[in-house]
Amino acid sequence: MSRKPFVSLWVRGLALATLCALVAGVQAAPDPRAGRVVVKYWEKWNGFEADAMRAVVDDFNQSQNRIWVDYSSVSQIDRRLMLAIAGGVPPDIAGVWGLSIPVYSENNALTPLDKLAAEKGIGPDRYIPVFWDTCRHEGHLWGLPSTPTTLALVYNKKMFREAGLDPERPPRSIAELEAFNEKLLRRSPDGGIEAIGFLPEEPGWWNGLWGYWWGGEMLRDGKVNVGSPEIRSAYEWVQSYPERFGVRELLAFRDGFGNYASPQNPFFNGRVAMVLQGVWIHNFIQNYAPPDFEWGVAPFPSFDPARHPDVTLADCDMLVIPAGAKHPREAFEFIAYVNSPGPMEKLCLGQLKFSPLATSSPEFLARHPHPHLRAFSDLAWSPNARRYPVTSTWTAYQSEMRNAVSRIWSGNADAGTALATVEQRQQKNLDRAAARWTRMAPVLKKLWKDTSP
Amino acid sequence: MTGGERRDLATGLAFISPWIIGFLAFCAYPVASSVWFSFCDYSVLSPAVPIGAQNYIDLANDEVFWTALWNTLFFSAVAIPLGILVALALAILLNFDIPGRGVFRTIFFLPSLVPMVCLAVLWQWLLNGEVGLLNNVLNVPLEALNALLGTSLAAPNWLADARYAKWGLVFTVVWGVGNAVVIFLAGLQDVPRHLYESAEIDGAGFWQKTLHITLPVLSPVIYFNLVMGLIGSFQVFAVPYVMTGGGDGPERSLLFLATYLYQNAFDFWNMGYACAIGVILFLLILACTLVLRSLSERHVHYAGK
Amino acid sequence: MTSPTKQNAGRLLVFAILIVAGVAFVAPLAWMVSTSLKPLNETMSLPPRWIPSEIQWRNYPDAIREMGNFWLYAGNTLLVCVLSVTGTVASSALAAYGFARIEWKGREKVFWILLATMMVPFPVVMVPIYGLFKDLGWIGSFKPLWVPAFFASAFNIFLLRQFFLALPKDISEAARIDGCSEFGIFFRIILPLCKPALLVVALFQFLASWNDFLGPLIFLTEQKDFTLALALQSFQSQQGGTSWHHLMAASTLVLIPVLALFFLTQKSFIEGIATSGGKN
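Residue numbers (the numbering used here), protein chains in the order written: chain V, 1 to 453; chain B, 1001 to 1305; chain Y, 2001 to 2280.
In isolation and in its complexed conformation, chain V is listed as follows (with noise of 0.2 angstroms):
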C-alpha cells in the first residue's frame, strides 16, 4: 500500500468537513430575528398542515417586534421530544397529540400554564368542552388546542348505489352496518374478495378504542376493564371478520391496498366503502380520490344507538411548553395568540378543519371548502363524545390491544384469549405506573404550585 491515498483522502476528508461547517455556519446567520427573544418551536405536522400553521407563525412574528418564533416541522416528535426534555435541550413549544398529556405531565416533562392562561383571560368558556378536558390533567393545564378532530363514519356513495342501498341512508347501528356489509361485498369467481363494505382494520388506527361504540371503558377505577361484556362484545365483532370472510383472504384482500396517502387507498378506489375517519379525509379525498368521488359523512353507527348515540372519539393537536423551556412567558404569547378567534380561524381554515373554540365565526364557516364540516364538529358537541383513555400507560396500552387485534385477525387467538392477554399485561403496568404516581405526586404537584410562571 502506498502511503498517498492515505493522506490524500485525510486532506481531503478534512477540506470538505470545513467547507461543510462553514456552509452550515453562514446558514445558520440570523438576521430578523435580532434584538427579540426567539422561541423555538417544534411541529409534528408536515406538509399542508405545516404550511397552515407556518402562515400563523409568520403572522405572529410581523404582529409585535419582541418575540421571534422560530418554527419547525419535526418528525417523530414523541420521541425526539422525549429525548430533548430528558437531555435539558427542549424547545420552548412544542406541538403534540392530546393523548400525550398525562404520560408527559406526569413524567415531569412540561410547564404547567395554569398562571399564564388566567392572565390572558383563558377559560374554559372559550372551548368546546372536551378538548378544554383535553388540555387539563391532574388538576394543572399544560397545553392549549391547534386544531381538533371528532371520527365519524366516511363512506362512499357511488358503491351504496351500486350495492343497491340508498346513498342518503348510512347505517345507524352495528347491525346495519353489517347488512350493508353484506350488499356491498364483492367477490371473485376464485372465491377472493374484490371489494367489501367495512374492514375495522381499513385504516385501524384506533383499533384500540371499538369498545367506545359499545358504551365500554377502556379504565374503569384504576382497573384495566377489557374484561367488560361491552369491551368483549366489540372485539368478538372484530373477531367475526376473519371467521366470516376467511384470514388468508382477507390478508390476500389487504396485500393489494396501496398507501393511505395515495390514490390505492381502497377506500379512494372503490374496494372499501366505510371507513372511520376523521375530519381530515376530506383533503386526502380532494388529492387521492378520483374526481367524480361522492361520499358522505355520519356519526359511526354504534351497537346500541338507543343508548349510545353519536359516539365518537374527539381529540385535538396540542401547544405546550416543555419543562425546562427557555423562554416560557414569550412561549405563552405565542400560544395565547393562535387560541385567539382570528388566528385559530386561519389555522384551522388552513388545515381544513374546524375550530375547537365553542364559537365559530359565520365567515369561517362559510369560507371554509370542507362538504361535511358541520357533521364533524357537531360530533364534537356530543355527550357521548370520548377522549383518549386518560392514563400515562395508554401508549402501551394501546401496542397491547393492537397486538391483540393482530391476534385476533391471523385467527391465533379468540377475542376473549387476546383480551385477557392485554388486561393481564397492562393491569401490570397500570399498577406500576399508579405506584410510580403514588411516590412522586405530592413531590411534583408542590413543584408545579411553586415553580409555575
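Do not take every clue at face value.
Claimed, not checked - Lysine to aspartate or glutamate pairs mimicking DMTMM-like chemistry, simulated, CA-CA at most 25 angstroms apart:
id	chain 1	residue 1	chain 2	residue 2
1	V	44	Y	2066
2	B	1166	V	201
3	V	223	B	1190
4	V	428	B	1063
5	V	445	V	119
6	Y	2109	B	1008
7	Y	2169	Y	2182
8	V	428	V	221
9	Y	2006	B	1200
10	Y	2169	B	1008
11	Y	2224	V	70
12	V	223	B	1200
13	Y	2006	B	1097
14	Y	2134	V	78
15	Y	2267	B	1190
16	Y	2134	B	1267
17	Y	2105	Y	2182
18	Y	2006	B	1297
19	V	446	V	201
20	V	223	B	1202
21	V	44	Y	2054
22	V	44	B	1267
23	V	44	Y	2225
24	Y	2143	B	1267
25	B	1166	V	255
26	Y	2195	B	1197
If you're looking for bench data, these hints aren't it; they were derived computationally from the structure.
All values derive from a computational prediction rather than experimental measurement.
Position chains B and Y relative to chain V; hints supplied.
Just chains B and Y now, kept in the frame of chain V:
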C-alpha cells in the same frame, strides 16, 4: 519492583491512559450504574428510587419480555449458523482456481458495506409481499409447481406476517455476510498446501479434504466469527427498527431485546426496567460466550499450540 | 488422483454456482438502483421491469429536496466521521503501543479486561451513558458521537496490537540506545511502519460512524443536526412506503460514498478485514 520496572509501568499506563479513561467512563461506570438502576424506579426526569428486585420480578412475569427474548434467541440461532455456513461455502468455492475470483470476492463483499438504515429500507422494498423482487422471483417456481400439482402455494408477505417476519430479517444478515467470506478466504489461504497434496495421494476427495483439513484449520476463525456474530445478533436493533417504522412488527415478531430495552427507556420512561433488560442481555452474552469458549477448547484446533 | 476431465467438470460446476450466487448478491443492489431511476408507477408494475421505460434522473434531486437539508446532513455525517476517525486512530494507536511494545507488570491481565469489554454491547450501557451526557449538557450536540472515539476502542486496539507485535523488537531497542524517548519511538519509528494498519482502523471507524444509527437516534434532537443514517430513517418514516423510487434514490446516495471509499482503498480494506478475523 525495580526502578526500571516502575518506569515501564508508568510509561505503559501513560500510553494506555486514553483507553483507561474511556473504559472507566464509557464501560465500567455505565455497567455499574446500569446494575444499580436495574434495582430502581428511574426515569431521567425524576430521581432514581430503589425498589429492590421489583424490575426483575416484573420482567419474569412480562410476556412481552419473553417474546423479545425468544425472538432474539431464535434469530441468533438461525442467522449466525446460516451466515457462517453461507460464508464458508462461498469462501471454499472462491478458493478454487477459477477465472474472475477477484470480481466474485468483491461482489460478495459489497453488500456488507451497505449501511444498516439503507439495508433495512432496501430489504423492506425487496420483501414487499406484492411487488417485492424476492416474491416475484419465488413466484416463478411456485406457480409452475401449482400448475403441475394443482396446489395453491404462494410466497409469504414476509414482513407483514408474524410467521415469516424474522426470516425476512435473516435474509438481510445472510446477504451481508461478505465480511466473513473475506475472513474465511484469508484463512483458507493459510492452509498448508502439502496437507492437501498428501491427502490427495491417499485418495481423499473434495468432501474428505474439506472435512478433515479445511474445517479444522479454519476452526479458530469460525470460532471467532461465532463469538462476534453472537454479540452482534444479541444486540440487533437498527434493521428491525427501521423495517418496522420504529415499531416491533406484526404480533411483536420483530421485537428484540435491544428494541424492548429502547422502548422501555425512551418510549415508556421506565429506565430502571430498561437497565434490568440490559443486565440480562449482558449476562446472556456472557453465558453464551463462556459456553462457546468451553466448546472451543475441545473442538478448535490452534496451529502450533 | 482425479482425472483432468473430472477436475474441469468440477471447476465448471463451481463457476456455475458462483455465477448464481453472484447474481443473487448483486440483484438487490441492482434493484435498488433500478427502482431509483423509475417513474413512480413503474415501481409497482407487475411483472417487475429492470430497465425503466425512461430513465428518470430527476428522482435524485427530488429525493434530496424531499429529505430536507440533505447536504447539511451529509456535512454533519462527515464531520462526525472525520472527528471520530482522528480520535480513534490516535488513541487506539497509543493504547495498542502500550499493550504491544512496552513490558509492564499486569499488562496481560489488563489486556484481558480490554478483550472482555468487547462483550458489552452498546444497548446495555445506553441508559447510563445517556444520563452521563445529559449531565454534561451534551445531548443535542455532536459530542456524544465523537468524543468517545478519543478514548480508544477495544477492537481497534486489538487489531493494531497484532500489527505492532509483528514488528521486530530490535528496532525499538536500537532507538532506545540512541536515546530516543518512548513516545519518539512510537511516533517516529513505529507509526510510519504501521500506516497500512492505521488506514484499516481509520476505514473501519469511518464506516462505523457513517452507519451508526442508535447513537444519533438518542443523542441528536434537532433535525438540522441529523446524520445521513438518521435522516434517511426519518425520511422513510415520513414517506410511510409510498415513493419507493425516492427512497431508493436516497438510499443509493447514502451508500455511494461508502462504495467510493471502498473502491479507492480496496486492497487495504480487504487485507484489514482478513487480519481482523482473529486467527489467534
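Results for each hint:
Proposed proximity of residue 44 of chain V and residue 2066 of chain Y is supported: the alpha carbons are some 16 angstroms apart, at most 25 angstroms. Annotation: proposed proximity of residue 1166 of chain B to residue 201 of chain V holds, straight-line Cα distance about 23 angstroms (limit 25 angstroms). With a CA separation close to 67 angstroms, the supplied pair residue 223 of chain V and residue 1190 of chain B exceeds the 25 angstroms bound. Distance check on the hinted pair: residue 428 of chain V and residue 1063 of chain B sit about 11 angstroms apart at the alpha-carbon level, within 25 angstroms; holds.
Among the hinted pairs, residue 445 of chain V with residue 119 of chain V is consistent with the structure: their alpha-carbon atoms are about 21 angstroms apart, no more than 25 angstroms. Proposed proximity of residue 2109 of chain Y and residue 1008 of chain B is supported: the alpha carbons are some 16 angstroms apart, at most 25 angstroms. Our distance criterion of 25 angstroms between C-alpha atoms is met by residue 2169 of chain Y and residue 2182 of chain Y, whose separation comes to about 13 angstroms. For the hint linking residue 428 of chain V to residue 221 of chain V, the alpha-carbon distance of about 15 angstroms falls within 25 angstroms, and the restraint holds.
Of the supplied pair hints, the one linking residue 2006 of chain Y and residue 1200 of chain B holds, its CA atoms being roughly 14 angstroms apart against a limit of 25 angstroms. Between the alpha carbons of residue 2169 of chain Y and residue 1008 of chain B the distance comes to roughly 16 angstroms, so the proposed pair stays at or under 25 angstroms and holds. Note on residue 2224 of chain Y and residue 70 of chain V: the hinted pairing holds, with a Cα-Cα distance of about 13 angstroms set against a maximum of 25 angstroms. Among the hinted pairs, residue 223 of chain V with residue 1200 of chain B is inconsistent with the structure: their alpha-carbon atoms are about 75 angstroms apart, more than 25 angstroms.
About 14 angstroms separates the Cα atoms of residue 2006 of chain Y and residue 1097 of chain B, which keeps this hinted pair within 25 angstroms; it holds. A hinted pair counts as satisfied when its Cα atoms are at most 25 angstroms apart, and residue 2134 of chain Y with residue 78 of chain V qualifies at roughly 18 angstroms. With a C-alpha separation of about 18 angstroms, the suggested pair residue 2267 of chain Y and residue 1190 of chain B falls inside the 25 angstroms cut-off, and the hint holds. With a CA separation close to 17 angstroms, the supplied pair residue 2134 of chain Y and residue 1267 of chain B stays within the 25 angstroms bound.
Distance hint between residue 2105 of chain Y and residue 2182 of chain Y is fulfilled; the C-alpha atoms sit about 17 angstroms from each other, no more than 25 angstroms. Restraint check: the Cα-Cα separation between residue 2006 of chain Y and residue 1297 of chain B comes to about 39 angstroms, which exceeds 25 angstroms; the hinted pair is violated. Taking the CA atoms of residue 446 of chain V and residue 201 of chain V, the gap is near 45 angstroms; set against the 25 angstroms cutoff, the hint is violated. For the suggested pair residue 223 of chain V and residue 1202 of chain B, the alpha carbons sit about 77 angstroms apart, so the restraint of at most 25 angstroms is broken.
The straight-line distance between the Cα atoms of residue 44 of chain V and residue 2054 of chain Y is roughly 36 angstroms, outside the 25 angstroms bound, and the hint therefore fails. Only pairs whose Cα atoms come within 25 angstroms are accepted, and residue 44 of chain V paired with residue 1267 of chain B is accepted, the gap being roughly 16 angstroms. About 17 angstroms separates the Cα atoms of residue 44 of chain V and residue 2225 of chain Y, which keeps this hinted pair within 25 angstroms; it holds. Of the supplied pair hints, the one linking residue 2143 of chain Y and residue 1267 of chain B holds, its CA atoms being roughly 23 angstroms apart against a limit of 25 angstroms.
Distance restraint check for residue 1166 of chain B and residue 255 of chain V: the Cα-Cα separation of roughly 19 angstroms lies within the 25 angstroms cut-off, and the hinted pair is therefore satisfied. With a C-alpha separation of about 37 angstroms, the suggested pair residue 2195 of chain Y and residue 1197 of chain B falls outside the 25 angstroms cut-off, and the hint is violated.
Violated hints for the displayed structure, listed by number in ascending order: 3, 12, 18, 19, 20, 21, 26.
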